[in-house]
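Colleague: Take a look at the letters that make up each chain.
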Amino acid sequence: KNEVEQSPQNLTAQEGEFITINCSYSVGISALHWLQQHPGGGIVSLFMLSSGKKKHGRLIATINIQEKHSSLHITASHPRDSAVYICAVRNSGNTPLVFGKGTRLSVIA
Amino acid sequence: SQTIHQWPATLVQPVGSPLSLECTVEGTSNPNLYWYRQAAGRGLQLLFYSVGIGQISSEVPQNLSASRPQDRQFILSSKKLLLSDSGFYLCAWSVLMNTGELFFGEGSRLTVL
Chain G
477 KNEVEQSPQN LTAQEGEFIT INCSYSVGIS ALHWLQQHPG GGIVSLFMLS SGKKKHGRLI
537 ATINIQEKHS SLHITASHPR DSAVYICAVR NSGNTPLVFG KGTRLSVIA
Chain W
48 SQTIHQWPAT LVQPVGSPLS LECTVEGTSN PNLYWYRQAA GRGLQLLFYS VGIGQISSEV
108 PQNLSASRPQ DRQFILSSKK LLLSDSGFYL CAWSVLMNTG ELFFGEGSRL TVL
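Line order of the protein sequences matches chains G and W. Read in order, the letters of the first sequence are residues 477 to 585 in my numbering. Read in order, the letters of the second sequence are residues 48 to 160 in my numbering.
One chain only, chain G, in its complex shape (with noise of 0.2 Å):
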């Protein structure tokens, strides 16, 4: 079974600051996911990858196959970006999706 870690656990910034949020597997996977989880619970997907790099706004998710690492980093951040970021995998095959514990960021104006 694949083993998700998240780091850091917790993460408070000055508004402004560039941000990274990571995230390391045991198990090779097919797919990576990054969600945000808002303070009233509710989760929106923001990135699924499988290599390379993918950016959406001021977000950039980053994967590295080989090392068995991802980062999700947010430029410029704002006290709206303030929530719960959980990086989930899928391993290869028709398996359902692993969960990290979530990293929590606070972002202070």
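No lab work stands behind these hints, which were simulated from the structure alone. The beta carbon of each residue, even a glycine, is placed where N, CA and C say it ideally should be. Worth double-checking, as some hints may not be accurate.
Stated by the list, open to error - Derived contacts from chain W toward chain G, CB cut-off under 8 Å, selection only:
1. ALA87
2. ARG89
3. LEU91
4. LEU93
5. TYR96
6. GLU106
7. GLY134
8. PHE135
9. LEU137
10. LEU149
11. PHE150
12. PHE151
13. GLU153
14. GLY154
15. ARG156
Given the coordinates of chain G, assemble chain W onto it according to the supplied hints.
Modeller: Then chain W, alone, in the frame of chain G:
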């Protein structure tokens, strides 16, 4: 566009009482449906998934059950709640089973007293 609705949003129940959480998806046919639980300080845990009406797969043995009486309706139930059932429950759907993007409901926070 597709939407997913989940209710109730908040529920406080005594130990031993029954539970019913309901989830419906609109704007798509034959979705793959999932129930997840998020306990405090832990990652999301898949409880049940369904690829079609009446087809339920259980990932974790527990005192919960799931049913899919209609194509776009997924229900999470319990006959007798335990304290350990407290948590945040999320319904989700996807187009393809175990591939592609997952779309989540807003969640239901259950407190068992």
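Colleague: So which of the earlier hints does this model not fit?
Modeller: 1, 7
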